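Undergrad: Just so you know, the sequences run in chain order A and B. One gets the working numbering by counting positions in the first sequence from 1 and adding 7 to each. One gets the working numbering by counting positions in the second sequence from 1 and adding 14 to each.
I should point out that these hints are in silico values taken from the structure, not numbers from a laboratory. All values derive from a computational prediction rather than experimental measurement. Glycine residues also receive a C-beta, built at the ideal position from the N, C-alpha and C atoms. Treat each hint with caution, since some may be false.
[Claimed, not checked] Residues from chain B that face chain A, not an exhaustive set, calculated with beta carbons under 7 angstroms:
1. Gly77
2. Tyr97
3. Glu98
4. Leu99
5. Asp101
6. Ile152
7. Lys204
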Amino acid sequence: MNQIRIPQGMRDLISEECEKKEALKNRIEDVFASYGYRPLKTPAIEYLETFTNAYVDVKDEEMYKFFDQEGKTLALRTDMTVPIARMCASKFVNAKPPFRFRYCSDVFKVRHTFAGQRSEVTDCGIELIGCDSRSDLEVVAAALDTMKAIGVNDYELEIGNSEFFRSACAAVKLNDEQVKALASYIDRKSLVELQEYLQTLNLDEGAVSFFEELPMLGGKEEVLQKAEEVSFNDALKEEVKTLRNLYQDLKALGYEDHISFDFGKVPHLDYYTGIIFEGYVGNVGSSVLSGGRYDSLLKKFGRDLPACGFSVKLDALLDVLPMEKKTIIRVFYPKGKEVEALKKAKQLQKNGAVELVEAEVQEVEVKA
Amino acid sequence: MSLSVALTKGRLEKKTVEMLEKSGYGIESLQDKGRALVFQDSKKDIQYFLAKPNDVITYVEHGVADVGIVGKDTLMEGGKDYYELLDLNTGICKFILAGMPNNNPLEKVGHIKIGTKYPNVTAAYFHAKGMEPEIIKIDGSVELAPVLGLCDGIVDIMETGTTLKENGLVVFDDVCRISARVIVNKVSFKLKREEINALIQDLEKARD
């Protein structure tokens, strides 16, 4: 039987798509390189433990798993940040931070069947390791330059601060389970359930209205003011100030047009420890860039260093980018003049791609 | 920027169209729709299309629709990659646990079998009670399953309760309330914030 199928969630790319993807990758990597980030490669296959060690709630059903000869469980990498954290603690154990790493690799997650999602995507990103939150500005500026390099005019980088939510939870003494439930409702902006859940928590009025407002605390600059108004203690006001300062700095650098804020952005609380940001472009239904500060990840691999980074999902962008303009020069030649044709082609190759075509012609002819 | 709104076909359709009309939207084409699938609002820059409940979620998750109106029952069973911003307080019904009289699955000792169209809802409900039933997926006329002895009980949607009564079934517990909800694509909410907030506010007014 002819086996012509590919597994669920996988894609073949035709040449035009590959060219588009390659050009996008190059534009993005040029930005990374210009900030002094240097490339790394890690294996596609890791021990499953590497990922379960890194994340508190690894989604088991999202991982491709198999066994090695000794019966140890292996997994296809689901992201690049964890392998790089692992590598930092082993291969760079004798090197002095800060480290600026970039990568462009395929990562794998098992997606719902028939949901139109991809299980293999190319992740192109950077990690700045060994610098604390004072370096947030540099990373966010790189993210904004990256968004610009994508080549779509209609884009926005949305910034949040996971400490804002965390600090509020600590102030009203919620336990881990309550924090997790609350984060899930707020992050999904599930307003109806959020209100129902808040009723059960016995919080004072100020705190209730704070958490109720949180999912809708999003928008342009003016939202910083609103966030300050709902802040019910000094620690919260301080967190807003962090973002305000970051915004002032970005403004001074001329980035303000494409920046917005969302204080209700609280995904993966076991992972992010400070600013957190996502990039959106028009006509793509999910975020195309995501990142943030994760100061406690490297500790889990035995190297306690702060870190911040982001990555772009290249595949999501392919549908909104125009085809690359490629001009191919064609050299037509009659049978028996292969050597002459190839000689001509090699002269022309420095100008671009040359294709040899055997044809009913008398002499070697060049057509653009 | 123009908005695209996915409405759930059927039971919810009429109620949502009424709410939109009440808010002063130009929905004439939706009231006299013939065989068209996409409808342009005559007053605002909005396009509507009609879809089955599950497809409304799919369209919104992919961003093909910016906004969707769909029942909570479908949301509870399906994906989670969207913002759920408003309870429209219409299309109200509830999930219930029902079965044959004197055979309450919640009181049974030993293996329990539950028939349902909603395996995820059923699993979540029982797990919250510390119970783990065997769930049997049934596609239509769920009421039949306990009558024929396929299962100990069913988890299903109840509007009036007539169907249950006619089949001799009784309600043992309310699982939760269901109503129509407004869901929004995550990226659309960022890039079309004003348009979406205006629509939400109008629907909120029409509801109250």
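Undergrad: All the hints need checking, so say for each whether the structure fits it.
TA: Do the hints match the structure? See the list:
1. Using the Cβ-Cβ criterion of 7 angstroms, the hint placing glycine 77(B) at the interface with chain A is satisfied: the shortest such distance is roughly 2 angstroms.
2. About 4 angstroms separates the beta-carbon of tyrosine 97(B) from the nearest beta-carbon of chain A, less than 7 angstroms, and the hint is met.
3. The restraint placing glutamate 98(B) at the interface with chain A holds, with a minimum CB-CB distance near 5 angstroms, inside the 7 angstroms limit.
4. Because the closest C-beta pair between leucine 99(B) and chain A is about 6 angstroms apart, less than 7 angstroms, the hint holds.
5. The beta carbon of aspartate 101(B) is positioned within 7 angstroms of a beta carbon in chain A (closest approach about 4 angstroms), and the interface hint is therefore held.
6. With its C-beta approaching chain A no nearer than about 21 angstroms, isoleucine 152(B) sits outside the 7 angstroms limit, and its interface hint is violated.
7. Hint status for lysine 204(B) relative to chain A: holds, with the closest Cβ pair at about 5 angstroms, below 7 angstroms.
The structure fails hint 6 only (numbered hints given earlier).
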